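Undergrad: Going down the list, the sequences are from chains A and B.
For what it's worth, the working numbering labels the leading residue of the first sequence as 768, then goes sequentially.
For what it's worth, the working numbering labels the leading residue of the second sequence as 1293, then goes sequentially.
Honestly, the hints are just simulated from the structure, not real lab data.
Everything numeric in this text was worked out from a predicted model, so none of it was measured.
All C-beta atoms in this analysis are idealised placements derived from N, C-alpha and C, irrespective of residue type, glycine included.
The reader is advised that the hints may include incorrect statements.
Said to hold, decoys possible - Now the stretches of chain A that chain B is said to cover, found in silico as 3 or more residues with beta-carbon under 8 Å:
{"no.": "1", "stretch": "1039–1050"}
{"no.": "2", "stretch": "1057–1067"}
{"no.": "3", "stretch": "1079–1087"}
{"no.": "4", "stretch": "1141–1147"}
{"no.": "5", "stretch": "1150–1156"}
The residues making up each chain are set out below.
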Amino acid sequence: MPEALNDFRNRARAWLGANAPRRSDDDATGVPRRWDLDSARAFQAELHDAGLAGIAWPTAYGGQGMTPAEQRAFDEEARDFDLPGEFFSIGMGMCGPTILDLGTEEQKARYIRPLLRGEEVWCQLFSEPGAGSDVASLQTRAVKDGDGWLVSGQKVWTSVARYADFGALIARTDPDRPKHDGITMFVVDMHAPGVTVRPLRDMTGGATFNEVFFDGVRVPDRNVVGEVDGGWAASIRMLMHERVSIGGSTRPRRGATFGSLSKLARSRGMDGDPVVRQRLAELYVRERAVHLFGTRLAQEARHGRNPGSRGSVGKLAGAELARFSAGVAAELLGGDAIAWDSTDREAARWAAAVLSAPAAAIAGGSNEVQRNIIGERVLGLPKEPQVDRDVPFRELRVGTQAGASRQ
Amino acid sequence: MNLVLTEEQEELRASVRRFLNDRSPMSRVRQVIETPEGYDRALWDRMAADLSLQGMAVPDTWGGAGFGQVEMSIVMEELGRALVPSPFLASAVLASNALLALDDEDAKRELLPSIADGRTIATLAAAEDGGGWDGTEVATTAALDGEGWRLHGTKTLVVDGLNADLLVVVARAGDELGFFIVEGDAPYLNRTKLAGLDLARQLASLEFSGTAARRLVSEYAAGALSRALDLSSVALAAEQLGGLEHCLDTSVDYAKARAQFGRPIGSFQAVKHLCADMHVAMELARSVLRYAAWAADEAPEELPAAAALARAYCSEAFFKVAADTIQVHGGIGFIWEHDAHLYYRRAKSSELLIGGPVQVREQLAQRLGV
Chain A
768 MPEALNDFRN
778 RARAWLGANA
788 PRRSDDDATG
798 VPRRWDLDSA
808 RAFQAELHDA
818 GLAGIAWPTA
828 YGGQGMTPAE
838 QRAFDEEARD
848 FDLPGEFFSI
858 GMGMCGPTIL
868 DLGTEEQKAR
878 YIRPLLRGEE
888 VWCQLFSEPG
898 AGSDVASLQT
908 RAVKDGDGWL
918 VSGQKVWTSV
928 ARYADFGALI
938 ARTDPDRPKH
948 DGITMFVVDM
958 HAPGVTVRPL
968 RDMTGGATFN
978 EVFFDGVRVP
988 DRNVVGEVDG
998 GWAASIRMLM
1008 HERVSIGGST
1018 RPRRGATFGS
1028 LSKLARSRGM
1038 DGDPVVRQRL
1048 AELYVRERAV
1058 HLFGTRLAQE
1068 ARHGRNPGSR
1078 GSVGKLAGAE
1088 LARFSAGVAA
1098 ELLGGDAIAW
1108 DSTDREAARW
1118 AAAVLSAPAA
1128 AIAGGSNEVQ
1138 RNIIGERVLG
1148 LPKEPQVDRD
1158 VPFRELRVGT
1168 QAGASRQ
Chain B
1293 MNLVLTEEQE
1303 ELRASVRRFL
1313 NDRSPMSRVR
1323 QVIETPEGYD
1333 RALWDRMAAD
1343 LSLQGMAVPD
1353 TWGGAGFGQV
1363 EMSIVMEELG
1373 RALVPSPFLA
1383 SAVLASNALL
1393 ALDDEDAKRE
1403 LLPSIADGRT
1413 IATLAAAEDG
1423 GGWDGTEVAT
1433 TAALDGEGWR
1443 LHGTKTLVVD
1453 GLNADLLVVV
1463 ARAGDELGFF
1473 IVEGDAPYLN
1483 RTKLAGLDLA
1493 RQLASLEFSG
1503 TAARRLVSEY
1513 AAGALSRALD
1523 LSSVALAAEQ
1533 LGGLEHCLDT
1543 SVDYAKARAQ
1553 FGRPIGSFQA
1563 VKHLCADMHV
1573 AMELARSVLR
1583 YAAWAADEAP
1593 EELPAAAALA
1603 RAYCSEAFFK
1613 VAADTIQVHG
1623 GIGFIWEHDA
1633 HLYYRRAKSS
1643 ELLIGGPVQV
1653 REQLAQRLGV
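With the rest of the complex left out, here is chain A (with noise of 0.2 Å):
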């Protein structure tokens, strides 16, 4: 007989209590405890014997095979403590459910369960120097040899590629099809020879991304995912669990909330200023009104009703949110947010807060991508004339392609 969900949710808040950190509440700025990689996994591991990871994924391949409900109930739970949330999103929020949605048989049964222990960590390889938003013009090439393919390119924005054992890599099988139709999905191990990781230094002054560099690297037929050729349709699938991941999260935001600049304010004596007061209002409503969105989607779910595109509409107001509440801590801080004494952390913070906002509106597809989506599968307005869509590859003029002659 199964677990109710109140049992369920009960077991999860004991395990949690006595086995993960909490949330610090002194910490104004709300930076979350940095794990290693070591007991990130260790703690993973644990987390999926206690039979608390891959809550809602099937049994077969180490899921626990409850539904999305006992994994919201978990989440909800989890909201008050730090858990190792980044070296695994990504396999977790996309690479796994791409697998489930598409892989083989062979492929579910030896990646997920692993991937769910943390033993194995997943990264992301799409976006390429030349293929950001318009990530269908990309030029990573896979060139058949005998029962695997060699993959030659380079992808770029790629987190947690430092510590990934797998990426699922899109790759060009065929220049000569149109650039949607010639794309193939792979799982790559990146540790073959002939990958390379660079840490790309962002302007925050720290390195979240990376550049990967492929350079020959073979990969068996059995790693592809889906179809030959099919990788476009393989991409979208994995690409509306990301704007879902990134955008649904009820998770209370971090460092420059109402709640954080709220106490900055009145640490500062500025509580009682009518202006200041104002901005905080303000701050509420936006952050309340992206929150329960947020909660509306995943309660909608609840009742069937798939998310699907409006994904984006939390994704494209979360960024708008970050530059705002950024923008209110720095009118706060005044002068305190452009110099401040070398050995202030929590100043420092502030500035990274100031300086990871624009990162929001472009990771996981710029504001002007998700307002695309929006426009053309949300209200359903025409798409621009696409000037490149029926035209093979090779004839194109993309990246460091120069294309054809033609106009």
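With the hints as your guide, set chain B onto chain A.
TA: For chain B alone, coordinates are given in the frame of chain A:
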């Protein structure tokens, strides 16, 4: 927290929408707003007789349908979508919420049934020139003479003040705030119709010069006024959401139909992205509104902040979408015969009706403990 409507609630929405499509299409709205009274009495009577709309949130002990604020918000959303000119906000929302918030059981028994079935049109006279709605700066006074209470002072922004049979008036009796009932046609009451931005909502000023009034029992009048205005704010926010939805729908339809440079304007990103942002505003406004309506029924301790939240978000969102609707339509959207300006007028007017954005944000900050 529940932000998803039940099947029964969706059915209520569908029947209200069908009713208004049939009986109050835009062509009819255009005729009605040109009449002196500015609303359609026959439609008003059918709203009560066919669907019991006026008494939706009035308990059945006082002749209402006994539903909650979620159902009320559905009705208001549909009235806002169709821009129905009627004293619904005045009578079924503002005045009813005031009476329900008071402790005067006799008055409730006596007055609510005829308000709930639409026979009586009531309204709330709270705002004054230079003062807000919240009762902190009320200059209208009530004093006892040999025959009873008499009111002196002037109220403004009284919704449907000219159409009302019954006025619920906020006045100061000595140091105390109080609620008073005045007949619409009472002697020594001068009612003046105001020229207004919103063509589909009539506002009036009321001048009391020794007008006879009946005092209502209220243990804590400021609290009752606050509760009545919070509930009314949620209802008004629902009406704003409905107006926003109409604007979004017409903009998207127009962007698909209108062609320039050889293709639908909705295929240009400049227009498409404007529509996408309108959709985002709609989704977030709907989420906020559902939460506020839920709080009104199920979590009264959350209502004060939730009501201010809903007013703040829906006001800004509706006006932005109404303005962008004109932008999507271009020149045709600026024409008198086009409906876009009716919604634009409604959006700006509603944004400022029960306290404007600055007051609402300050109120929200206070309620959040900032």
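Undergrad: Against each hint, give a clear statement of whether it holds in the structure.
TA: Hints, verified against the model:
no., hint, in the structure
1, 1039–1050, "holds (count 6)"
2, 1057–1067, "holds (count 7)"
3, 1079–1087, "holds (count 3)"
4, 1141–1147, "holds (count 6)"
5, 1150–1156, "holds (count 3)"
Violated hints: none; the structure is consistent with every hint.
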